[in-house]
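Given next are the chains, with one letter for each unit.
2 protein chains.
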Amino acid sequence: MLTENFTKADIVARYLPEKLIATDQAEAFAPSNIALCKYWGKRQSELNLPVNSSLSISLAHLGTRTQIRPSQTGEDQVVLNGQLLPVESSFACKVISFVDLFRRGRSYPLIVDTRNNIPTAAGLASSASGFAALTQAINQYFQLQLPDAVLSAFARMGSGSASRSIYSGFVEWRMGLQEDGMDSHAYPLDIIWPDLRVGLVKVSTAVKAVDSRSGMKRTVETASLYQSWPAQAAQDLEKIHQALSDGNFSELGAVAEHNAMSMHATMIASWPPLLYWQPDSVVAMQKIWALREAGVEVYFTMDAGPNLKLLFQEKNQALLETEFPGLEVVAPFEASESLNSSTTTVKEPS
Amino acid sequence: MLTENFTKADIVARYLPEKLIATDQAEAFAPSNIALCKYWGKRQSELNLPVNSSLSISLAHLGTRTQIRPSQTGEDQVVLNGQLLPVESSFACKVISFVDLFRRGRSYPLIVDTRNNIPTAAGLASSASGFAALTQAINQYFQLQLPDAVLSAFARMGSGSASRSIYSGFVEWRMGLQEDGMDSHAYPLDIIWPDLRVGLVKVSTAVKAVDSRSGMKRTVETASLYQSWPAQAAQDLEKIHQALSDGNFSELGAVAEHNAMSMHATMIASWPPLLYWQPDSVVAMQKIWALREAGVEVYFTMDAGPNLKLLFQEKNQALLETEFPGLEVVAPFEASESLNSSTTTVKEPS
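Taken in order, these protein sequences are the chains called R and L.
So the first sequence is numbered by numbering that gives the first Met the number 0: it starts at 0 and just counts up by one.
So the second sequence is numbered by numbering that gives the first Met the number 0: it starts at 0 and just counts up by one.
Since the hints were made in silico from the structure, they are not lab data.
Please read all numbers here as calculations on a predicted model, not as lab measurements.
Repeated chains share a single entry, so a pair holds when one copy, or any two copies, can fit it.
Taking lysine-lysine pairs in the BS3-like style, the calculated list, with each CA pair at most 30 Å apart, reads:
#1 K207 <-> K286
#2 K93 <-> K18
#3 K216 <-> K238
Construct the entire structure; sequences and hints are all you get.
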């Protein structure tokens with residue numbers, strides 16, 4: 000555990016001009032992301048510095064769009080999916096205290112208007128895309144022109160996995176070593192995999208009983224088995240890099256599923272036990288294993304919630320849409336022409 | 000890992016007289032047992048030597064009754080629950096090769112007649128009571144007069160947890176250190192707890208897809224998190240001893256549930272994932288957690304199967320029988336007057 004010498008405000012202040020200049024309006028979109036190697040456990044909680052590096056795939060068009068504009072009433076207003084929230088609501092508080100890191104006590108009353116096209120708090124990581132979009136909107140609104148790596152580190156201070164939602168495609172969040180956490184940010188991998196599909200199986204969209212932050216804390220404090228997690232995560236990360244460079248889908252899927260199940264195992268080994276699964280989560284897992292037994296290459300991952308995210312290739316899309324009615328399929332590289340031109344396209348061995 | 004210098008036959012031979020003298024018939028009963036601190040993982044597989052010590056409660060009248068008598072046909076016959084089994088069936092093979100350890104190639108054709116009053120292979124540990132009853136019946140049939148500790152070590156060579164089913168009440172199986180495993184046997188604890196109840200929730204009585212032996216092997220070989228298991232099991236064992244000596248039911252239940260969930264966590268963290276739970280197992284867990292939230296002191300444990308075993312006190316029996324229709328309740332100390340006279344009766348703090 001590092002000493003907690005730095006506050007978020009100290010760190011953000013270093014990157015701000017003497018006087019903020021606001022524009023009329025700013026808007027940013029950030030995708031949700033699904034970790035293939037999970038972030039689970041903090042080494043420092045104020046700055047959300049992780050115990051392990053992680054790696055994700057961003058969900059293209061699924062995510063959060065956030066608009067910032069001046070508030071005419073002189074009071075901050077937080078709007079979520081078209082609804083004005085009470086300022087004392089947990090969501091509004093988080094948004095306002097994040098914006099406060101940039102305003103430093105000066106008066107810039109704002110309307111923060113946020114729209115998710117994914118179910119909020121159902122294990123589909125809306126806080127990740129939310130803080131990433133908010134950070135980018137703030138960057139634009141105050142014309143900060145900060146580089147993506149800094150935005151990623153700032154977004155991480157809002158919600159750890161938000162560091163990855165700054166980018167599209169495959170993204171690695173390096174855990175970093177510095178006490179101020181400014182080396183703990185994500186970067187995009189120059190790999191595209193047009194064939195890859197992520198399928199969202201919605202078991203439940205109810206708000207979960209134990210939020211990820213508390214769940215992580217309980218796991219680190221009470222699960223003996225958690226002691227073996229950091230080494231496994233480090234190993235899984237290497238395996239995923241290898242699978243990506245080999246274009247080996249089976250290996251990618253297997254490592255991602257094993258990693259997710261191991262993370263859930265650390266939760267289950269906590270006290271009191273932390274089980275994010277619903278009975279229907281088990282039904283879906285059993286179905287996936289049966290399909291795999293039958294030769295269909297499909298894997299899954301899960302976050303701190305009951306929903307499954309399937310990993311498969313385009314060729315199996317129709318079959319899986321039949322097997323899982325209501326499956327929402329994302330092609331993460333649909334708009335891949337907009338990615339960095341030096342990107343390598345994965346060609347799977349045929 | 001120890002070197003595998005010893006075979007089962009070598010070890011058994013040391014305890015046998017030059018010439019076996021058979022009686023007309025022998026019969027023994029051994030109770031099933033439910034581990035409160037689980038046996039999970041072998042340090043040596045030929046002799047079933049465990050990675051960790053474990054502690055269980057025997058299930059009084061639930062278990063296996065085994066009768067041995069000479070076979071008039073000259074061929075071994077294995078009868079399970081009244082049905083003559085084909086000699087090439089897995090059950091008959093295991094029984095016959097265990098008996099062979101004692102016959103050492105000499106001709107004693109036998110009928111081994113086994114009756115379980117618990118569902119076979121449904122996570123209710125019929126192999127534990129089965130090998131314990133068989134070992135005791137062999138001891139009587141050949142008039143070996145071996146001490147219980149030796150019978151426990153022999154039963155362990157049939158099935159690890161059978162070492163504990165030699166005794167009633169609370170039983171500890173010490174892992175031991177010797178290469179021949181003769182210090183790896185169970186012994187009974189001199190504690191009785193008349194108030195304690197074990198409730199069997201039958202989620203499924205189907206034969207499980209992956210037997211415990213294979214499950215254990217897969218876990219040890221593929222689950223990184225398993226590395227933290229032996230230390231946790233050692234700690235849980237100490238906590239259970241403390242809870243028993245304090246008569247602290249809440250602590251006993253909590254440690255047992257945490258231990259079981261941690262064992263399942265190591266399975267879930269295996270590859271491919273090993274999930275013995277059914278959707279209805281999760282339904283039952285959620286119900287137990289809700290009852291506990293509502294102030295009802297009930298805990299559970301689970302073995303390598305989908306069924307739950309509730310731990311509670313007599314005062315909650317009626318309520319739990321209503322909540323879990325079909326609950327089979329065992330009072331492990333019902334016949335406690337037959338236990339060792341030096342036994343300490345637990346008096347819970349009032």
